[in-house]
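Based on the sequences and whatever the hints tell you, model everything.
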Amino acid sequence: MTMISVNEFKNGLTIQYNNDLWRIVEFQHVKPGKGSAFVRSKLKSLRTGAVQEYTFRSTAKVETADIQTKSMQYLYNDGTSYVFMDTSTYDQLAIPNEQIGDESKYLLENMVVSVIMHDGETLGIQLPNTVDLKVAKTEPNIKGDTSSGGGKPATMETGLVVNVPFFINEGDILTINTSDGTYVSRANK
Numbered sequence: 005m006t007m008i009s010v011n012e013f014k015n016g017l018t019i020q021y022n023n024d025l026w027r028i029v030e031f032q033h034v035k036p037g038k039g040s041a042f043v044r045s046k047l048k049s050l051r052t053g054a055v056q057e058y059t060f061r062s063t064a065k066v067e068t069a070d071i072q073t074k075s076m077q078y079l080y081n082d083g084t085s086y087v088f089m090d091t092s093t094y095d096q097l098a099i100p101n102e103q104i105g106d107e108s109k110y111l112l113e114n115m116v117v118s119v120i121m122h123d124g125e126t127l128g129i130q131l132p133n134t135v136d137l138k139v140a141k142t143e144p145n146i147k148g149d150t151s152s153g154g155g156k157p158a159t160m161e162t163g164l165v166v167n168v169p170f171f172i173n174e175g176d177i178l179t180i181n182t183s184d185g186t187y188v189s190r191a192n193k
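For the sequence shown, my numbering assigns the number 5 to the initial residue and increments by one for each residue that follows.
Honestly, I wouldn't trust all of these hints.
[Claimed, not checked] Using 27 Å as the maximum straight-line C-alpha spacing, the simulated BS3-like pairs for lysine-lysine come out as follows:
| id | residue 1 | residue 2 |
| --- | --- | --- |
| 1 | K14 | K38 |
| 2 | K109 | K156 |
| 3 | K48 | K35 |
| 4 | K109 | K138 |
| 5 | K48 | K74 |
| 6 | K35 | K109 |
| 7 | K14 | K46 |
| 8 | K46 | K65 |
| 9 | K141 | K109 |
| 10 | K156 | K138 |
| 11 | K74 | K38 |
| 12 | K46 | K35 |
| 13 | K109 | K48 |
| 14 | K46 | K109 |
| 15 | K35 | K14 |
| 16 | K46 | K74 |
| 17 | K48 | K14 |
| 18 | K48 | K65 |
| 19 | K141 | K156 |
| 20 | K14 | K74 |
| 21 | K65 | K35 |
| 22 | K109 | K74 |
[Stated by the list, open to error] Computed Cβ-Cβ distance ranges for the label pairs, DEER-style:
| id | residue 1 | residue 2 | range |
| --- | --- | --- | --- |
| 23 | T59 | T179 | 34 to 40 Å |
| 24 | K141 | N181 | 17 to 23 Å |
| 25 | N23 | T59 | 47 to 53 Å |
| 26 | T91 | T52 | 26 to 32 Å |
| 27 | T186 | N114 | 30 to 36 Å |
| 28 | M121 | K35 | 19 to 25 Å |
| 29 | T186 | S49 | 23 to 29 Å |
| 30 | D70 | G175 | 43 to 49 Å |
| 31 | T59 | Y80 | 42 to 48 Å |
| 32 | N23 | Q130 | 18 to 24 Å |
| 33 | S183 | A140 | 20 to 26 Å |
| 34 | E143 | T91 | 37 to 43 Å |
| 35 | I71 | T91 | 18 to 24 Å |
No lab work stands behind these hints, which were simulated from the structure alone. Glycine included, C-beta positions come from ideal geometry on N, C-alpha and C.
Have a look at this one:
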């Protein structure tokens with residue numbers, strides 16, 4: 005159990021607060037003209053995925069959480085849970101669909117992800133920054149459309165809908181940002 009001052013907050017740091025585990029999404033040190041300084045923060049619950057805002061006095065201390073990540077390979081979904089395998093021990097771990105949530109739209113079979121754990125409790129998964137997904141359905145290209153300006157929706161092989169440039173066609177493999185679900189580029193494959 006390590007206590008840190010709220011002045012040491014960093015994005016991505018995991019803390020224990022109000023009987024829950026929170027990852028710091030963003031924070032801001034505020035020094036008003038009158039009164040004492042404080043830290044305004046946006047925290048995401050690792051158990052529920054809910055994002056809440058909290059304000060801490062600048063003198064407050066919080067407990068850091070000991071989070072372990074284990075590299076595991078995604079195998080399949082059995083309808084109620086996603087099954088992952090530890091590539092070193094071949095042990096399998098089933099994580100309920102609700103715990104994966106929207107991150108499932110980025111998962112492909114055999115993809116390696118980091119499974120997040122705390123004291124033996126599985127909290128969820130951490131995706132790579134980008135994933136390469138195949139375009140399953142999109143409107144055909146219209147002659148005269150250029151790569152700049154505008155876009156069209158494209159449904160990826162996992163069901164994720166992404167706004168893409170007009171020149172993208174069905175069957176193209178695209179690099180998608182997993183933090184906000186946006187198109188990055190065509191994949192070099």
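Here is what the structure says about each hint:
As the CA atoms of K14 and K38 are separated by approximately 26 Å, the hinted pair is consistent with the 27 Å bound. Among the hinted pairs, K109 with K156 is consistent with the structure: their alpha-carbon atoms are about 19 Å apart, no more than 27 Å. Distance restraint check for K48 and K35: the Cα-Cα separation of roughly 24 Å lies within the 27 Å cut-off, and the hinted pair is therefore satisfied. Annotation: proposed proximity of K109 to K138 holds, straight-line Cα distance about 12 Å (limit 27 Å).
Between K48 and K74, the direct Cα distance comes to roughly 20 Å. Compliance with the 27 Å bound is thereby established for this hinted pair. Only pairs whose Cα atoms come within 27 Å are accepted, and K35 paired with K109 is rejected, the gap being roughly 41 Å. Between K14 and K46 the alpha-carbon distance is near 11 Å, which keeps this suggested pair within the 27 Å criterion. Restraint check for K46 and K65: the C-alpha separation of about 16 Å stays at or below 27 Å, so the hint holds.
The hinted pair formed by K141 and K109 meets the criterion: a straight-line CA distance of about 15 Å does not exceed 27 Å. The straight-line distance between the Cα atoms of K156 and K138 is roughly 15 Å, inside the 27 Å bound, and the hint therefore holds. This hinted pair does not check out: K74 and K38 have alpha carbons roughly 47 Å apart, beyond 27 Å. Distance check on the hinted pair: K46 and K35 sit about 18 Å apart at the alpha-carbon level, within 27 Å; holds.
Between the alpha carbons of K109 and K48 the distance comes to roughly 20 Å, so the proposed pair stays at or under 27 Å and holds. With a CA separation close to 24 Å, the supplied pair K46 and K109 stays within the 27 Å bound. Note on K35 and K14: the hinted pairing holds, with a Cα-Cα distance of about 18 Å set against a maximum of 27 Å. A hinted pair counts as satisfied when its Cα atoms are at most 27 Å apart, and K46 with K74 qualifies at roughly 26 Å.
Proposed proximity of K48 and K14 is supported: the alpha carbons are some 13 Å apart, at most 27 Å. At most 27 Å may separate the alpha-carbon atoms for a hinted pair to count; K48 and K65 meet this at roughly 18 Å. A distance of roughly 11 Å separates the Cα atoms of K141 and K156; the hinted pair therefore holds under the 27 Å criterion. Only pairs whose Cα atoms come within 27 Å are accepted, and K14 paired with K74 is accepted, the gap being roughly 22 Å.
Straight-line distance between C-alpha atoms of K65 and K35 comes to about 18 Å, which keeps the hinted pair within the 27 Å bound. Pair hint K109 plus K74 holds up; C-alpha atoms about 21 Å apart against a cutoff of 27 Å. With their beta carbons about 38 Å apart, T59 and T179 fall inside the hinted range of 34 to 40 Å. A hinted range of 17 to 23 Å for the beta carbons of K141 and N181 is consistent with their spacing of about 20 Å.
Taking 47 to 53 Å as the suggested C-beta distance range, the pair N23 and T59 does not conform, at roughly 18 Å. At roughly 29 Å, the beta carbons of T91 and T52 sit within the given window of 26 to 32 Å. For T186 paired with N114, a C-beta distance near 24 Å fails the hint of 30 to 36 Å. Between M121 and K35 the Cβ separation comes to about 38 Å, which falls outside the hinted range of 19 to 25 Å.
For the pair T186 and S49, the beta carbons lie near 24 Å from each other, so the given range of 23 to 29 Å is met. Checking the proposed 43 to 49 Å range against D70 and G175 shows it holds: the Cβ atoms sit about 45 Å from each other. Separated by about 43 Å at the C-beta atoms, T59 and Y80 satisfy the suggested range of 42 to 48 Å. For the hinted restraint 18 to 24 Å between N23 and Q130, the CB-CB distance of approximately 23 Å keeps it satisfied.
Look at S183 against A140: about 22 Å separates their beta carbons, and that is inside 20 to 26 Å. Checked against the given bound of 37 to 43 Å, the beta carbons of E143 and T91, roughly 39 Å apart, stay inside it. As the Cβ distance of I71 to T91 is approximately 20 Å, the hint placing it in 18 to 24 Å holds.
Of the hints listed earlier, those the structure fails to meet are numbers 6, 11, 25, 27 and 28, in rising order.
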